[in-house]
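Visitor: Chains as they are written, first to last, in this note's numbering: chain A, 2 to 711; chain B, 2 to 711.
Any given hint might turn out to be false.
Since the list gives no way to pick out one identical chain from another, each pair is judged satisfied if it fits inside one copy or across any two copies.
To be verified - Capping the alpha-carbon separation at 30 Å, the derived lysine-lysine pairs in DSSO-like fashion look like this: (1) Lys482 <-> Lys391; (2) Lys66 <-> Lys122; (3) Lys391 <-> Lys121; (4) Lys391 <-> Lys149; (5) Lys630 <-> Lys660; (6) Lys416 <-> Lys328; (7) Lys305 <-> Lys391; (8) Lys482 <-> Lys446; (9) Lys328 <-> Lys677; (10) Lys613 <-> Lys630; (11) Lys416 <-> Lys630; (12) Lys391 <-> Lys76; (13) Lys76 <-> Lys198; (14) Lys42 <-> Lys613; (15) Lys76 <-> Lys203; (16) Lys73 <-> Lys391; (17) Lys685 <-> Lys613; (18) Lys42 <-> Lys172; (19) Lys203 <-> Lys391; (20) Lys554 <-> Lys697; (21) Lys691 <-> Lys613.
Hints are computed from structural coordinates only; laboratory data are not their basis.
Number of protein chains: 2
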Amino acid sequence: MISSVFAATLFVLFLHDVRAQQTNVSPSGEGPQTVVMNKVKLSFMLDSDGSPMYEVSFSGRPVIKPSHLGFKLDKDSLFFRNFQLLGVERTSADESWQPVWGEVGRIRDHHEQLIVHLQKKGPVAASRLDIIFRVFEDGIGFRYVFPKTSGLGYFVVTGEMTQFALAGDHKTFWIPGDYDTNEYPYTTSRISEIDNKELVEKSTDIAVRVAPDRYAVQTPLMMKSEDGLYINIHEAGLINYPAMQLHVDRASRVLTSALVPDAVGNMAYLHAPFATPWRTVIVSDRAADILSSKLILNLNEPSKVADPSWIHPMKFVGVWWEMQTGKATWSYSDFADSLNAQGQLIPNGRHGANTANVKKYIDFAAKNNIQGVLVEGWNTGWEDWFGNWKEDVFDFVTPYPDFDVAELMSYAASKGVKIIMHNETSGSATNYERRMDTAFRFMNKYGYTSVKTGYVGRIIPRGEHHDGQWMVNHYNRVAEKAAHYHVMVDAHEPERPTGLQRTWPNWLACEAGRGNEYNAFSIGNNPEHETILPFTRLMGGPMDYTPGIFRIKGYSTVPGRQVHTTLAKQLALYVTLYSPLQMAADLPENYEAHMDAFQFIRDVPVDWDDTKVLEAEPGDYVSIARKEKGRPDWYIGAITDENSRTATLSLDFLEAGKKYQATIYKDGTDADWSSKPESYTIEKMTVTSKTRLTVKLAAGGGVAVSIKGE
Amino acid sequence: MISSVFAATLFVLFLHDVRAQQTNVSPSGEGPQTVVMNKVKLSFMLDSDGSPMYEVSFSGRPVIKPSHLGFKLDKDSLFFRNFQLLGVERTSADESWQPVWGEVGRIRDHHEQLIVHLQKKGPVAASRLDIIFRVFEDGIGFRYVFPKTSGLGYFVVTGEMTQFALAGDHKTFWIPGDYDTNEYPYTTSRISEIDNKELVEKSTDIAVRVAPDRYAVQTPLMMKSEDGLYINIHEAGLINYPAMQLHVDRASRVLTSALVPDAVGNMAYLHAPFATPWRTVIVSDRAADILSSKLILNLNEPSKVADPSWIHPMKFVGVWWEMQTGKATWSYSDFADSLNAQGQLIPNGRHGANTANVKKYIDFAAKNNIQGVLVEGWNTGWEDWFGNWKEDVFDFVTPYPDFDVAELMSYAASKGVKIIMHNETSGSATNYERRMDTAFRFMNKYGYTSVKTGYVGRIIPRGEHHDGQWMVNHYNRVAEKAAHYHVMVDAHEPERPTGLQRTWPNWLACEAGRGNEYNAFSIGNNPEHETILPFTRLMGGPMDYTPGIFRIKGYSTVPGRQVHTTLAKQLALYVTLYSPLQMAADLPENYEAHMDAFQFIRDVPVDWDDTKVLEAEPGDYVSIARKEKGRPDWYIGAITDENSRTATLSLDFLEAGKKYQATIYKDGTDADWSSKPESYTIEKMTVTSKTRLTVKLAAGGGVAVSIKGE
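Build the full structure now, drawing on both the sequences and the hints.
Guide: The following block contains the structure:
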């Protein structure tokens, strides 16, 4: 022990003083501060208790009614009232910036900013709190700042009081507020009907579920009001803080920030000065505007990667779907104790990640404009990796005997293909942190330029959660460490994205949602699923959804199991679900059976100069056109839910007067996700900016279009 | 997410089925299995409920009355009853082995072993449990083994039911059963009087205290029965398991294993096959035999360091006491935000770890047969390191601007002195694990061959405890990693030792107890403290107690603060408190004022061929003689508590017929720890094996003797 230290006895405060929902906004007190940008108006005020509040409207229609702001802190359990306004600052910004990769080549950041400086009433040197509001044409963001002069020093957030008082009983697209997963299917219901209990209980296909509040939901939360406003609530720039979930008061329709706690029930350990992530409200009367919003990216910090020349978006195939569908195994043996007389594992004969099989994928990738090959199950530990809260599972550097690292490095290099490293942690982040440097050095040595990380299982440190502050810091540490080693990251099972890809452009994509894989091992994703994802999960950033399943039925021995889309819709997803990393997830032989359709996957890029959302309605349909980066070619994806529909796609975004060659990959006339999902037709035609494509989409169907400029 | 995984919903079971204390031992059931070694007799039996039980006696006197064995597991909350005996195995051993360093040159391991193979009654393939008993001349040890064939696979220990039913209301030397510290002063009381509440509450000088059970105590627990038996309960070989504390049932005098829990209330995550640490009961009718026992070392695994040639016990001085006493600071500035216009820390002018000051210590060490110089506060972070449960405090490689690493490396090397690295983690083990490789590489680069680690503060991962399974694994990882880098370890604030220094001989010493430093920053250690430590804390292994304070009074500005011994007793501690790492803790100038007395510290070695415990009574006095490794010289230390006494030291261990030169460093005739602690006399005389030294020890006093063979 070292002297000069003060005693710090451990104790956890359980605060039960639930705050009253009803408050009096005092029009005569500290008058409201308002900011207007186009149709969006934000007001800030202190109520008669000195509680900070805000309000948002769109074209005069209420979006967020007067709602509370503030915290419960270990040092002040009432850090949401008795404030006085010290002053305000106002600034305007209209700038643009260029992302390293993305849906558009340049992004405009046009906002008005209001900073309110607050101080707790009371004795001298009372605590201070600043709130920064930014108002954009498509919504608002705000963050709390605990200034150096706050007097708080080190402090613990025991609860965040941020509220979103909704103006109606909106139609809502939600998943349960679970501390450890975002992989639930979406439920569409009124706010007043939200209750996740049954869904959580029955979702036994999700490895770890901890959802103690049946009335809590995840963000991004997508809503539609009776009067046609589309409202999306999320956060931006999640750094050193837990993920925000929302507790739903069904009667009052007030949503309250519910932070993911740590092992001892605290939310965040902070040190002033500190700025929280931004709370965001995106709003429009057009659903398409929600998808086009760059508000969340604009609220993130600029890139920390000074020279991003080593960062390359890409498509990839992988030794993966064959394991998902049970044809092959991640493990080399069937049991950890299946050993021969020499103490070596006895191979089960179905190990996917063997040198010959990987070469097959490399050959396929090299022939088909696919830059990467993911290989899962290459390293030892898979016999006994899941479900036991085991700390030391993988070492991330020891291949199975049938996976020749050096040989595959040179083979892949000779074909111009990159093998993608797979680091599954089984949720044991402590083990990964201990070995991370060694793992990244291994990647550098063997020519791996990207890594897919995984966190399937209960988190270690035990008691921590996937979406708590400690793990948020972990994922960010991985991104930073990877940047140091010039490695790109595709994180599976992290917290859902909040636009950090702007700050760490080497963090290309995340899973953090219910991907295509659920069609392999569960009842799957219903046909509307992909029409909701862009409005929810993808609002924060790219998703490694793994589209491109061509063999829609028959891959599983489970009766009735299939992908719940048509083949043409699988193609359309390459455009509607944006990611700089896109997997062609099916087996090479399944592609080889449909090389005419596969041409679209060969062609479609993963980095864009421009994006136009042509039509969109959450839960119903999405049609998007994108222009390839640095080329005149455009690509369109249009999808529908379980209802067939006719998409009307105006090509007025094309250069006027110029002719283009369009290839249209559409559902066959008899196509239907359920009865005939693999029916498609390919049609070629010349188009111009005046063309209006009218395409029939089957139930669960879609259409993909390539439009080449020469 | 990856498929083929089963759902694992998180939940914590709170088991409240407290086990009845009263049980019926069935003499007619499975008959007792007995093992006898000299005076020690052990019996194992199953009671009528099929509960495994054991019993220990010494010369026919009960030591442990029939006591329960077993566990509560997540997979079987009654894993302590309904067992049947499958069979037993008996073996004998009489071997000896040579420690890398220690109190003796060779250690005899003479024991009888009984293995009982148990199986739960019930359906086929019911769980199995083995218990291994070893009976020595001075006590017993037993461990549980969950065999591969146990059928348990992965499992969680939710409670250990091991009991120690004492035969009387013994006099007991105890400290509170705290999950995070062993740094309390000892209380001497009857078993029936044990209650730690008041002591825990008032011990505000201990940084982190978590002692939820007022009737729990730490091991090693030292006891003395009414009829003169000395009994010590502890454990050996603590690996991948939490530390065992003991819950005291004051009425029945039954002690029950109380394991330190993890963040979610579990005790241990295990995977069969697994063997627990050994539970040890050392017993004798002579207190000296307890101190001579090698039972705990014998129960540990042999060394894992194949070539220990780089491991060197040593004495050291350090830039340390001047910080403990407030003369200098660990930090470079007084505040973290004390920055100049260039953003650099503004020095406070009292930073101890500056190059010039360190050179002073190096010079002193080089002149005085001291091999090491510890430097604390050399690295950035000390302005703001404690008390905030902050994760990223130190990076372990960045020196303060006034500490020239390269310059000091060459200066120390030129003087033949080693600088000892200091890695204070502030309890943030996650941060240390992340940076450990880099830290050890830094040590290798700059010639550091040993490290003092520190864990002052609440543990991160938050919710874990210093003495829980996760941290036990951490300390062992540090020892293993250090061995990999050929670095010796002195761990401060780890769990208390359990003989692992046999397995990791590079893990030279630990603090893990109330050291001399408490005399600097608290009410201190009372005069009996050091007469209890050998019977308690040191039973498990060496302690870095930091003896050798010569300026007993006047180092502190706090009125009345002083070391509670005489100066001569400080010298005696170098012999009575064994450690292969011994600090000469006082400032060079305080030694220079008493160079005649300091001669003993110059001379005294830290590695021994032989040890004789001449007299001992816990809480009263300890006199020990040791023979220097590889030399004919002997050293004696004898200490007393607050009562003066006459030590009678027979030198019959000397080689017969040979003359030796003895130097006796004893209390002055007017010496007294309180009124005149710095009074001492040095006497030289010729002695032989027939000499009987009779020395008056002052109240709180001691005597140190060097006996040179030529």
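Visitor: Of all the hints given earlier, name the ones this structure violates by number, lowest first.
Guide: none
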